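Kindly generate the complete structure, drawing on both the sequences and the hints.
Residue strings, one per chain:
Protein chains: 2
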Amino acid sequence: MSKINYSIAIDAMGGENSPDKVIEGISLFLKNKNNNNFNFNIFGDKEKILVSLKKFNIFSLPCYKIFHCTTKIEDKNSVRDAIRIGKDTSMWKAIESVKNKESDVIISSGNTGALLVISKLILKMIDGIDKPALAGLWPNFKGTSIVLDLGANIDFSEKNYLDFSRIGAELYRVIFKKAEPTVALLNVGSEEIKGHEELKNAFHTLQNLKNNFKFNGYIEGNQIKDGNTDVIITDGFAGNIALKTAEGTANFITSEIKKIFSSSIFSKFCYMISYFLFEKIKKNLDPRKYNGGIFLGLNSLVIKSHGSADAIAFYHSIKLTSQILEGNLINIIKSNFDNDKN
Amino acid sequence: MSKINYSIAIDAMGGENSPDKVIEGISLFLKNKNNNNFNFNIFGDKEKILVSLKKFNIFSLPCYKIFHCTTKIEDKNSVRDAIRIGKDTSMWKAIESVKNKESDVIISSGNTGALLVISKLILKMIDGIDKPALAGLWPNFKGTSIVLDLGANIDFSEKNYLDFSRIGAELYRVIFKKAEPTVALLNVGSEEIKGHEELKNAFHTLQNLKNNFKFNGYIEGNQIKDGNTDVIITDGFAGNIALKTAEGTANFITSEIKKIFSSSIFSKFCYMISYFLFEKIKKNLDPRKYNGGIFLGLNSLVIKSHGSADAIAFYHSIKLTSQILEGNLINIIKSNFDNDKN
Numbered sequence: 003m004s005k006i007n008y009s010i011a012i013d014a015m016g017g018e019n020s021p022d023k024v025i026e027g028i029s030l031f032l033k034n035k036n037n038n039n040f041n042f043n044i045f046g047d048k049e050k051i052l053v054s055l056k057k058f059n060i061f062s063l064p065c066y067k068i069f070h071c072t073t074k075i076e077d078k079n080s081v082r083d084a085i086r087i088g089k090d091t092s093m094w095k096a097i098e099s100v101k102n103k104e105s106d107v108i109i110s111s112g113n114t115g116a117l118l119v120i121s122k123l124i125l126k127m128i129d130g131i132d133k134p135a136l137a138g139l140w141p142n143f144k145g146t147s148i149v150l151d152l153g154a155n156i157d158f159s160e161k162n163y164l165d166f167s168r169i170g171a172e173l174y175r176v177i178f179k180k181a182e183p184t185v186a187l188l189n190v191g192s193e194e195i196k197g198h199e200e201l202k203n204a205f206h207t208l209q210n211l212k213n214n215f216k217f218n219g220y221i222e223g224n225q226i227k228d229g230n231t232d233v234i235i236t237d238g239f240a241g242n243i244a245l246k247t248a249e250g251t252a253n254f255i256t257s258e259i260k261k262i263f264s265s266s267i268f269s270k271f272c273y274m275i276s277y278f279l280f281e282k283i284k285k286n287l288d289p290r291k292y293n294g295g296i297f298l299g300l301n302s303l304v305i306k307s308h309g310s311a312d313a314i315a316f317y318h319s320i321k322l323t324s325q326i327l328e329g330n331l332i333n334i335i336k337s338n339f340d341n342d343k344n
Numbered sequence: 003m004s005k006i007n008y009s010i011a012i013d014a015m016g017g018e019n020s021p022d023k024v025i026e027g028i029s030l031f032l033k034n035k036n037n038n039n040f041n042f043n044i045f046g047d048k049e050k051i052l053v054s055l056k057k058f059n060i061f062s063l064p065c066y067k068i069f070h071c072t073t074k075i076e077d078k079n080s081v082r083d084a085i086r087i088g089k090d091t092s093m094w095k096a097i098e099s100v101k102n103k104e105s106d107v108i109i110s111s112g113n114t115g116a117l118l119v120i121s122k123l124i125l126k127m128i129d130g131i132d133k134p135a136l137a138g139l140w141p142n143f144k145g146t147s148i149v150l151d152l153g154a155n156i157d158f159s160e161k162n163y164l165d166f167s168r169i170g171a172e173l174y175r176v177i178f179k180k181a182e183p184t185v186a187l188l189n190v191g192s193e194e195i196k197g198h199e200e201l202k203n204a205f206h207t208l209q210n211l212k213n214n215f216k217f218n219g220y221i222e223g224n225q226i227k228d229g230n231t232d233v234i235i236t237d238g239f240a241g242n243i244a245l246k247t248a249e250g251t252a253n254f255i256t257s258e259i260k261k262i263f264s265s266s267i268f269s270k271f272c273y274m275i276s277y278f279l280f281e282k283i284k285k286n287l288d289p290r291k292y293n294g295g296i297f298l299g300l301n302s303l304v305i306k307s308h309g310s311a312d313a314i315a316f317y318h319s320i321k322l323t324s325q326i327l328e329g330n331l332i333n334i335i336k337s338n339f340d341n342d343k344n
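As you go down the protein sequences, you meet chains A and B in turn. The numbers in the first sequence follow our numbering, run straight up by one, and end at 344. The numbers in the second sequence follow our numbering, run straight up by one, and end at 344.
Do not rely on the hints blindly, as some may be mistaken.
When chains are identical, the list treats them as one kind, so a pair holds in a single copy or across two.
[Claimed, not checked] Straight line, CA to CA, 30 Å or less: simulated DSS-like cross-link-like pairs of lysine-lysine:
1) K196 to K78
2) K336 to K260
3) K126 to K196
4) K261 to K89
5) K196 to K261
6) K212 to K101
7) K260 to K89
8) K67 to K216
9) K196 to K291
10) K216 to K78
11) K196 to K282
12) K101 to K285
13) K196 to K89
14) K48 to K89
15) K179 to K261
16) K122 to K196
17) K270 to K67
18) K270 to K202
19) K95 to K196
20) K180 to K261
21) K270 to K284
22) K161 to K261
23) K270 to K291
24) K282 to K336
25) K202 to K78
26) K321 to K261
27) K285 to K67
28) K101 to K196
29) K67 to K89
30) K144 to K270
Hints listed in this document are in silico derivations from the structure and should not be mistaken for laboratory results. As the structure is a prediction and not an experimental result, all values here were calculated from the model.
Given below as structure tokens:
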């Protein structure tokens, strides 16, 4: 079977150490010959991009085009400023190329708020979906869950929970090839009476509706790790706080361990003896494997790479993007919501 | 200076392994002769309590009274059921003894929802405070923060944020003896425009009001660990999810490390060599040191010990209770809110 060709629009200027980390991330992705059906439309400072392309030995490859942009959106820009200075920036032009069907998706490490607002402005919502969700991968004892919304929406209605359950289930199915994913709502207890009104209404609707997933009811924050639920739905406020608190806790614990294992000559010796074990732990828990926030609900796919992510993390966000493109997710979501009209 | 005597009402029947863990916790607390100004009013099954008191060698001490109760509230009871069967239970009678001034505080490992609702019913709110908060200790790189609300209130108004900032600051001052604690609001970003209306209104009020603390603005979930803010204020929904997600993440990481260090004979050897380092890490990160949810805003102090906590954890909740009592917290909070009337 011949493979479909995809074009990925890359905002080469967002985040720290760009465009180097972005171009190196692309070079890592292209090392796998199975990925030769992906082309890159690279938006940003042409001179800097050319230097990077040479540095990471992909200058001579035929699979990219450079689109020179004179400016870029900074992390410190407010969303309003970003829109004002937007039209000549690498982010804006990359999103526009998706709208113009020159690209199938955009990946950016830039300003999250700006990326979300400008994407919504240019790409528009899928018919039937009220708000975009920010979804992310979350490691657990059995593999990986998907959690959404991780911060795109502060105000949340019952319909948002229902929409995001359907979107999240389709996303999980495409990435992990599971026919009937399980979905649960994040709450402060498992009893039906817990939580605020919108959440409780969503619970009752999800219990009684036929869905494209199995509904697991409520789960609490400490149950995400168990891996008994594939897709966890939460409002963007609690979801963002949960994600960042989890990141902070992981950092706190690993820092404490590092401190103890470097506190004396003996402890450094123990570390050296156990070096390969620590490397294995580091590899298993490497957050770079989970890099890539997935904006869903728009007419095209938008991927947000972590601003401080390095080349390996950026590579993982491209890999994730390729899986979602090859799974044809956006069309699946569109037809899922299209059925509501019938 | 002669010390003030305090009476602690103990619900001896709540949580797992009660009354053994409760009585053992008391015995650990009484090992410190400086604690001889604390008496215990122990509520529960008299026969079982007597067996425990003998088992942990405090049977012959003069510092306790037993109040036999024929029944107890189970974790599985709904709050409504708990109130219905309540009046003869160890939890209810212990709270009542606080109301009747026979005790200064109640500690229970029982059903959290029931403890909160029955305490509010019997002890009533302090004049000027709308809702009770559930506060907890949270380890960070520099020591310990206090986070509230950890789940007592799902719906949250601007006034709740303001009240809890003042209550939290007084609590921190009493426990950690810091004249001017720092307080921040937990949010999804540090920009002023982020977050929902009640939170933004609270931010502006706290910026412009003279308070009994230094206001640090917003912090995000990953900044709690930094220890730059002493008291973190959040609504009970996000706070509970943050706490439980942090617990889940800590469990996930430590389990992964245990798995790797027991995966082969060599890795078990590395673990043995590093045994004392792992013991030190375990001690540093021991969650039992942070056991004790503090219900604040009621006319008396109510302490919730974790249901699955063991004797050492229960001991820590008694120790925390003794610090708060000796710091005269409830009267300080009352006079703080009393000043509003003038």
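Tested hints:
{"no.": "1", "hint": "K196 to K78", "in the structure": "between (38 Å within a copy, 14 Å between copies)"}
{"no.": "2", "hint": "K336 to K260", "in the structure": "neither (47 Å within a copy, 44 Å between copies)"}
{"no.": "3", "hint": "K126 to K196", "in the structure": "between (35 Å within a copy, 23 Å between copies)"}
{"no.": "4", "hint": "K261 to K89", "in the structure": "neither (47 Å within a copy, 51 Å between copies)"}
{"no.": "5", "hint": "K196 to K261", "in the structure": "neither (40 Å within a copy, 35 Å between copies)"}
{"no.": "6", "hint": "K212 to K101", "in the structure": "neither (33 Å within a copy, 51 Å between copies)"}
{"no.": "7", "hint": "K260 to K89", "in the structure": "neither (46 Å within a copy, 52 Å between copies)"}
{"no.": "8", "hint": "K67 to K216", "in the structure": "neither (43 Å within a copy, 53 Å between copies)"}
{"no.": "9", "hint": "K196 to K291", "in the structure": "between (34 Å within a copy, 28 Å between copies)"}
{"no.": "10", "hint": "K216 to K78", "in the structure": "between (42 Å within a copy, 26 Å between copies)"}
{"no.": "11", "hint": "K196 to K282", "in the structure": "neither (40 Å within a copy, 39 Å between copies)"}
{"no.": "12", "hint": "K101 to K285", "in the structure": "neither (37 Å within a copy, 55 Å between copies)"}
{"no.": "13", "hint": "K196 to K89", "in the structure": "between (46 Å within a copy, 24 Å between copies)"}
{"no.": "14", "hint": "K48 to K89", "in the structure": "within (17 Å within a copy, 77 Å between copies)"}
{"no.": "15", "hint": "K179 to K261", "in the structure": "between (41 Å within a copy, 27 Å between copies)"}
{"no.": "16", "hint": "K122 to K196", "in the structure": "between (33 Å within a copy, 18 Å between copies)"}
{"no.": "17", "hint": "K270 to K67", "in the structure": "neither (49 Å within a copy, 53 Å between copies)"}
{"no.": "18", "hint": "K270 to K202", "in the structure": "neither (52 Å within a copy, 48 Å between copies)"}
{"no.": "19", "hint": "K95 to K196", "in the structure": "between (45 Å within a copy, 26 Å between copies)"}
{"no.": "20", "hint": "K180 to K261", "in the structure": "between (41 Å within a copy, 27 Å between copies)"}
{"no.": "21", "hint": "K270 to K284", "in the structure": "both (17 Å within a copy, 18 Å between copies)"}
{"no.": "22", "hint": "K161 to K261", "in the structure": "neither (47 Å within a copy, 41 Å between copies)"}
{"no.": "23", "hint": "K270 to K291", "in the structure": "both (28 Å within a copy, 27 Å between copies)"}
{"no.": "24", "hint": "K282 to K336", "in the structure": "neither (41 Å within a copy, 54 Å between copies)"}
{"no.": "25", "hint": "K202 to K78", "in the structure": "between (38 Å within a copy, 20 Å between copies)"}
{"no.": "26", "hint": "K321 to K261", "in the structure": "between (34 Å within a copy, 28 Å between copies)"}
{"no.": "27", "hint": "K285 to K67", "in the structure": "neither (34 Å within a copy, 56 Å between copies)"}
{"no.": "28", "hint": "K101 to K196", "in the structure": "between (42 Å within a copy, 28 Å between copies)"}
{"no.": "29", "hint": "K67 to K89", "in the structure": "within (19 Å within a copy, 76 Å between copies)"}
{"no.": "30", "hint": "K144 to K270", "in the structure": "between (32 Å within a copy, 23 Å between copies)"}
When the structure is compared with the earlier hints, violations turn up for hints 2, 4, 5, 6, 7, 8, 11, 12, 17, 18, 22, 24 and 27 and for no others.
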